[in-house]
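Given these sequences and hints, build the entire structure.
Order-wise, the sequence lines are chains A and B. With the numbering used here as the guide, the letters of the first sequence map in order to residues -13 to 99. With the numbering used here as the guide, the letters of the second sequence map in order to residues 966 to 1075.
Incorrect hints may appear among the rest.
As the list claims (entries may be wrong) - Have a look at the derived ranges for each label pair, beta carbon to beta carbon:
| # | chain 1 | residue 1 | chain 2 | residue 2 | range |
| --- | --- | --- | --- | --- | --- |
| 1 | B | L1005 | A | D37 | 31 to 39 Å |
| 2 | A | F6 | B | P1047 | 37 to 45 Å |
| 3 | B | E980 | A | S66 | 42 to 50 Å |
| 4 | B | K1036 | A | G2 | 42 to 50 Å |
| 5 | B | P1075 | A | K(-1) | 34 to 42 Å |
If you're looking for bench data, these hints aren't it; they were derived computationally from the structure. Ideal placement from N, C-alpha and C gives every residue a C-beta, glycine not left out.
Residues per chain, in single letters:
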Amino acid sequence: DVKVTQSSRYLVKRTGEKVFLECVQDMDHENMFWYRQDPGLGLRLIYFSYDVKMKEKGDIPEGYSVSREKKERFSLILESASTNQTSMYLCASSQTGTEETQYFGPGTRLLVL
Amino acid sequence: GENVEQHPSTLSVQEGDSAVIKCTYSDSASNYFPWYKQELGKRPQLIIDIRSNVGEKKDQRIAVTLNKTAKHFSLHITETQPEDSAVYFCAASSNNDMRFGAGTRLTVKP
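Put into structure tokens, the structure is as follows:
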């Protein structure tokens, strides 16, 4: 079974704080993704990575950065948290090739006050 | 880039009835179409998927159809049960670049 874990289920931060969200997968997947999930908007892609030290912007990268120093770990960074970044953040991973299925972590619900 | 639209946003059915959720996509290069089910407070989980070389796929009470010409695909759930209540997401993918629909909240009334 693919296992994708996220460092926190719930986080409360203050405006202006730097926030780190960690994601780890144990299936040696090349691809990792960060999404935010908001009611009525579905899953929106923030950043993704197809390899170690590689990153690509998704549809809504503003206000976020990422780090992929190791294959199994993909970190999402909010440089200076704002209230409009209050959301559910989901990490996913997938294998390169014909198997494109993405496997999701449990999510981190972030509240920025 | 790819744009996926999903309808309806909410769907309520009686237990035992069928439910149909429809999605359209814009990128003709998309060749992989998964459906995810997300129960309250849980992660999205893959329930069925279809590739562009297949028109229909069935797994017990769940089926998916794909019309590549019209760029739309649908999820069909027959004999719905209360445990089918969840949010369902469609997605379209090309070379691991996946985009999701906005989701459909399905409620199955006992």
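Violations among the numbered hints: The structure breaks none of the hints.
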